[in-house]
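Sequence lines, in order, name chains A and B. Numbers in my numbering are just positions in the first sequence, counted from 1, shifted up by 12. Numbers in my numbering are just positions in the second sequence, counted from 1, shifted up by 1329.
A hint or two may mislead.
BS3-like mimics (lysine-lysine), calculated; alpha carbons at most 27 Å apart, straight line [to be verified]:
1) A/K301 / A/K245
2) B/K1332 / A/K191
3) A/K103 / B/K1448
4) A/K15 / B/K1478
5) B/K1422 / B/K1332
6) A/K310 / B/K1580
7) A/K245 / A/K194
8) B/K1585 / A/K191
9) B/K1584 / A/K87
10) B/K1584 / A/K310
11) B/K1584 / A/K167
12) A/K245 / A/K167
13) A/K191 / A/K161
14) B/K1448 / B/K1491
15) A/K103 / B/K1585
16) A/K245 / A/K310
17) B/K1544 / A/K103
18) B/K1584 / A/K191
19) A/K301 / B/K1584
20) B/K1478 / B/K1355
21) B/K1478 / B/K1422
22) A/K103 / B/K1491
23) A/K161 / A/K44
24) A/K201 / B/K1544
25) B/K1585 / A/K310
26) B/K1448 / B/K1355
27) B/K1585 / A/K87
28) B/K1384 / B/K1452
29) B/K1384 / B/K1332
30) A/K374 / A/K103
31) A/K356 / A/K371
32) A/K103 / B/K1355
33) B/K1544 / A/K194
34) B/K1355 / B/K1491
35) A/K87 / A/K103
36) A/K191 / A/K44
37) B/K1448 / B/K1332
38) B/K1585 / A/K167
39) B/K1580 / A/K167
40) B/K1384 / B/K1355
Keep in mind that the hints were calculated from the coordinates and are not lab data.
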Amino acid sequence: MGKRRVMVIGLDCATPQLVFDQFEDRLPNLRKLMASGITGELESTVPPITCPAWMSMVSGKTPGDLGFYGFRNRKDYSYDGMSFALSYSMKDKTVWDILSELNKTNIVIGVPQTFPPKPLNGWLVTSFLTPGIDSQFTYPGSFRDEVFKVTGDYKIDVDDFRSEDRQRVLDEIYDMTEKRFKLARHMLKTRPWDFFMMVEMGVDRIHHGFWQYMDPDHIAYEPKSAFQSAILKYYQYIDEQVGTLLEHADSDTLVLVVSDHGAQPMEGGIALNQWLIDQGYLTLEEYPKAPTPISQLKVDWSRTKAWGFGGYYGRVFLNVEGREPQGIVPLDGYETLRNELISKLESMTDEQGRILGTKVFKPEDVYPEVNNIPPDLIIYFGDLRWRSIGSVGYPGIYRYENDTGPDGANHSQRGIFIMNEGRYFIPTRGFLGLAQGPPKERPPVRLNGLHLMDVAPTILDWLGVSPPPDMRGSVVRPLASPNQVDVAERTDG
Amino acid sequence: MSKGFAVWFTGLSGSGKTTLGRLLEKELVTRGMRVQSLDGDVLRQGLNSDLGFGKADRDENIRRVTYLAQFLSQNGVATLVSFISPFAAARQKARELIPNFIEVFVDCPLEVCIERDVKGLYKKALAGDINDFTGISHPYEEPEEPEIKVRTDLNTPSQCVKAIISELASRGFQGFACTEVAATVSQALDPVYPAEELVVGLPGSLYSKLAVACKSSNPADVAAYTTRVLRDHLQDLSGADPLSDISEAEKEAIKKRLRSFGYID
């Protein structure tokens, strides 16, 4: 047997209904992996958002363990004390931290929450949470010059995403993706590696920007749009690019193609703070004439029980006596108020009076450990078919376009998991590397119950490293017989 | 293979031998050493369960432990022995047989040990329920020239362990991973932190991170990243804002992007 390696190709937001159903027969490389591999829907974190999902995946921990619940987190109980979850927030070990200590060589490109770059044994390029290419975005620092040499000007992400000029946005997505894969190929070709991982953000960007042109059921569907097949074509492009990476796998390489969450059409937005005002939980000193972010408004804290944040999901914070500076919710009324809010939010309807299907979570119910300061409630409006709008000043609570511009998709709770070993998709080679025949055969396996947190222990297991006992995920073992596929009993509930 | 040694903790019951042994073990493990602890209480439940507390049995107890520590130390293991070992002659015998023997006198006044009475044994001994109890009804012969003496009534356990690490470092018993890393870090950060101070001063838990940061072949990278690891550590200790080294303009750029994609409003 040769040297075992792992190649993880992360496609942010790649969604099961497109990869496994609608587009499957047009994605030959992913299909090749699936034909003899293990596939399944990959349950994401609560909330299913880039941050904390990728870090949960590469550490095998819940957001509660990690102590961050989204991009912005409360750093204290003041009303404006927020901090960003960047690499510093990540105190737990990632798989490449563990592998670095064991002297294994890592290539990590574009994984969210890796800026500012931390040392590893290998090379790292940070993610879209990097201010720009003028910032230090590589490890080692000197590696930056090589990135520029290979890619021209490395593209961190799409600029001015909310622009009406959709063609430019589309071109930028392709430009970004092309450069990232080019860099990935260069690294795979020129470096020794035990662990390779890249995350491509373009899939997420194209869903958010172009879903409404593809989906006739979408509220903003534009028939006969020039962008009708933009998403399909981009997936085909991604598939092609994935194919070029697979050329660097050998028979003992474990390949994973994974996403941090899925996507679904966005139906609209709920103005969360507006709703809290209407319901009497939030009082402003002065009501704005035009939509204004809550952070720019004067809140009358002496008459406010709760306030919220927008984003792809909603967050509610309670103004608790003795906890917040001007808290008015007595501690013994905290649970009652949370339950009251949950009941009201979950019975919310759309404008036609149909139940939205909103889900509300208490952090301690979804995370076995809760570190740092979580929101008091986490809300999926319409099970994430509706986003949460934090700004105040709209005529009502229902919005049919994003407060920051057009948006075609929102996230969904499950992403994709595709895993295979090189020997099952690479032709067997004989003496002197001459092609001898087709890859080994194995029937495809479809698994249920996979979770993001299973990815980290699975990577370590393949490389002969025992997953640390505090990793919550389970090892998914690619064994020869489908009956032997083994997902050990989960401990995270 | 790193050089083996035996740290022999001797002192009254309740003086802090086991506590220091555990802390030292943790520190040495994180510094890349192979460590084996031999604790009196533990061994008396297993290997030495046939022995009592009379002079002959106590000598036999120590003879067996000496034998184990000798083999472990000879084979490159950092051996931490925590036994009351009240008799100077028995400790002298151990010193003669065990390579790289470091005697640590865990010094704590009897009255403080009685007050601590972690196992409730002093109470029983003073009531006459236990015979041959060291310090009460059985002698303890203080070491005359121990390699290290720590006062556990005057210093915290971590201060005591630091003193021991310092002594071990000065004798070159640190484990190669740790000293090499410290040398590289010291060179990178010259002239602020001499390697010897880093070896003693940094908690072992930092070494795995520093070791990774030292792998780069470019000295500028090593300097940048070891500095970062050390600064993160200090920030963790002080509870300072970890993002303080990202400029306001950089933070704004990140916020702008997050807003543009709809992650935040």
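What hints, given by number in increasing order, does this structure fail?
-> 1, 2, 3, 4, 16, 23, 29, 37 and 40
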